Amino acid sequence: MVSIRRRKRVKGDKYVVDYRDGAGVRRLVTCNTRTQAENVAGEKMQEAGQTTIAPTLDINITIAEYGTHWQRALVASVKPATYEVYEKMLRVHLVPALGWMRVRQLQQARIKTLVANKLAAGLSVNTVRLIAATLGTMLSAAVDDGLLRTNPIAGLRRKLRVLRGRDRGGASDPVKAMTDEQLATFLETARTRLPAFYPLALLLARSGLRLGEALALRWTDLDLTSRTIRVERTLGRHVKGFPTTGPAIGTPKSGRARTVDMSQVLARVLASLLRDRREQALRRGQGQSAPAWVFVTATGHALRQSDVRGDFGRVLRWAGLPGHFTPHALRHSFAVALIQRNAPLPYVQAQLGHASIQMTCDVYGRWLPTGNRALIDQLDAEQPAEQRRELAGGSGDRNATISTEPEIPSPEVIASIGTSGGTLVAHPVTRF
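Going letter by letter, the sequence shown gives residues 679 to 1110 in this note's numbering.
Everything labelled a hint here was simulated from the structure, so no lab data went into it. These numbers come from a predicted model, not from an experiment. Don't take every hint at face value.
Calculated lysine-lysine pairs in the DSS-like style (CA-CA distance at most 25 Å, straight line) [what the hints assert, rightly or not]:
1) Lys931 / Lys766
2) Lys796 / Lys837
3) Lys931 / Lys854
4) Lys790 / Lys757
5) Lys837 / Lys722
6) Lys796 / Lys766
7) Lys790 / Lys722
8) Lys931 / Lys692
9) Lys686 / Lys722
10) Lys692 / Lys722
11) Lys790 / Lys766
All chains, full assembly: derive it from the sequences and hints.
And the structure:
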């Protein structure tokens, strides 16, 4: 039932829309005009005509309580890394700010305030987007559970620019890629100071694989003759609260397997690594069977990401390079190097395993060429000679050539420019 009541005020009458929401809670909306109140009443009546899902939880559940319930359900639908991000955003940001509030009481105004407060506190735009994304995903689940009729954050992305997707060129998330000189220094330092780490560092820098994808490689994924790598899985980290047994193996980030190319030097280094692995197996009395994983610990187990990050940091310090680089910078460096060498963008996308070429453009847009006059000049060069002369306004002389330089008039011609009653008037010329 929706009703409209008029309240008389000294400064002008107000109109109150009285209705009950999907959870049966009485709501009052005050409007300045009768027309505005009728519009609101129409919207509420339309909502009331929609099918309502019966709540499966207490309709007075708080955001903190529902967050705990939601996390338990997440285990079956997301990867460990995604679970870890959601858990952190809830624990660090959402529960302290909104945990006391009932889920059904959360409105857009409160979310706007949360976003503004987080930005004012100095958090990066990407962190604020992660907070909003976590909240939005949780509230979508609350809609499915019958606690909300609509997701209050759904329309905010159009209203708040900060919540929209990645800016073109990645301005909000600057890509940290090494220069060619920095990368050469890093790889040479790894080769001479930490030889056991060098094959992995070279693979990351010459194939563009993500760290987890590289650590999940098996020797059966490599074709050293055709110089290709089959990327079918990723090795993640064990996350607290996320049940896993054995290595945290999952699918690549895009959800699809792919085949990528490897350079000649990388193929030789990996072939040498395979020979070393077989020789070590022989010395241990294990025959010529190398461990299944390409990159392993001294005991033959798959490397952990934390071990790799430690080795990466040591090589950075020895090489005297900035400490803000991470192993992912090798992937960025690979992509930027290809783009700067005019590699076709679809090839870069395929090597990196991006879900779309738009993502490749968004991440590496600032390295894409924005102009090339030589390409336009080729259009002229491809025209028949006769047509080029006509387009250039030539006299038709077959032996004439088209000059691309502007014709500079002589000083006498320049001095004669001017009119006085339609007659050319000469002006004195000062020669230097």
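Each hint, compared with the structure:
A hinted pair counts as satisfied when its Cα atoms are at most 25 Å apart, and Lys931 with Lys766 qualifies at roughly 20 Å. A hinted pair counts as satisfied when its Cα atoms are at most 25 Å apart, and Lys796 with Lys837 qualifies at roughly 17 Å. This hinted pair checks out: Lys931 and Lys854 have alpha carbons roughly 20 Å apart, not beyond 25 Å. Under the criterion of a C-alpha separation no larger than 25 Å, the hint pairing Lys790 with Lys757 is inconsistent with the structure, at around 29 Å.
A threshold of 25 Å between alpha carbons decides the hint, and for Lys837 with Lys722 the separation of about 22 Å falls inside it, so the pair holds. Between Lys796 and Lys766 the alpha-carbon distance is near 15 Å, which keeps this suggested pair within the 25 Å criterion. Among the hinted pairs, Lys790 with Lys722 is consistent with the structure: their alpha-carbon atoms are about 23 Å apart, no more than 25 Å. The hinted pair formed by Lys931 and Lys692 fails the criterion: a straight-line CA distance of about 54 Å is larger than 25 Å.
The suggested pairing of Lys686 with Lys722 holds, with an alpha-carbon distance near 23 Å, which does not exceed 25 Å. Our distance criterion of 25 Å between C-alpha atoms is met by Lys692 and Lys722, whose separation comes to about 18 Å. As the CA atoms of Lys790 and Lys766 are separated by approximately 20 Å, the hinted pair is consistent with the 25 Å bound.
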